[in-house]
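Note that full-length UniProt numbering has the sequence shown beginning at 1, numbered continuously upward.
To be clear, the hints were calculated from the coordinates, so they are not data collected in a lab. The C-beta atom is built at its ideal place from N, Cα and C for all residues, glycine as well. Be aware that one or more of the hints could be misleading.
[As the list claims (entries may be wrong)] Only pairs whose alpha carbons sit at most 20 Å apart, straight line, appear in this in silico PhoX-like list of lysine-lysine:
no.: 1; residue 1: K58; residue 2: K76
no.: 2; residue 1: K29; residue 2: K47
no.: 3; residue 1: K60; residue 2: K49
no.: 4; residue 1: K20; residue 2: K36
no.: 5; residue 1: K60; residue 2: K76
no.: 6; residue 1: K38; residue 2: K20
[Claimed, not checked] Computed beta-carbon distance windows for the label pairs:
no.: 7; residue 1: K76; residue 2: Q44; range: 35 to 41 Å
no.: 8; residue 1: A28; residue 2: Y8; range: 29 to 35 Å
no.: 9; residue 1: K9; residue 2: A39; range: 42 to 48 Å
no.: 10; residue 1: Y8; residue 2: A45; range: 52 to 58 Å
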Amino acid sequence: MASHNQSYKAGEAKGQTEEKTNQMMDPAKETAQAAKDKAAQTAQAAKDKAAEAGQAAKDKAGQAAQAAKETEQAAKDKAAGQTGQA
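Please model the complete structure; the sequences and the hints are all you need to start from.
Here's what the structure looks like:
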């Protein structure tokens, strides 16, 4: 049976090992968190850019529709003017 002193030393060694492990793991955890944060920022930037592109396309489509309406109205006005002159 292990003596009290041997148990104490074994517990102390275990504690020191755990502390060294934690010290070695902290930089890895920090690096992983930094990578996670960077990935989240990149994803958000891509999402924002996609939303902007979608809005720009929507605006362009609206402008094209408005131009088509104006062209159609001009053609109707021109036709009405020619009909009135005949």
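Tested hints:
no.: 1; hint: K58 <-> K76; in the structure: violated, 27 Å
no.: 2; hint: K29 <-> K47; in the structure: violated, 27 Å
no.: 3; hint: K60 <-> K49; in the structure: holds, 16 Å
no.: 4; hint: K20 <-> K36; in the structure: violated, 25 Å
no.: 5; hint: K60 <-> K76; in the structure: violated, 24 Å
no.: 6; hint: K38 <-> K20; in the structure: violated, 28 Å
no.: 7; hint: K76 <-> Q44: 35 to 41 Å; in the structure: violated, 48 Å
no.: 8; hint: A28 <-> Y8: 29 to 35 Å; in the structure: holds, 31 Å
no.: 9; hint: K9 <-> A39: 42 to 48 Å; in the structure: holds, 45 Å
no.: 10; hint: Y8 <-> A45: 52 to 58 Å; in the structure: holds, 55 Å
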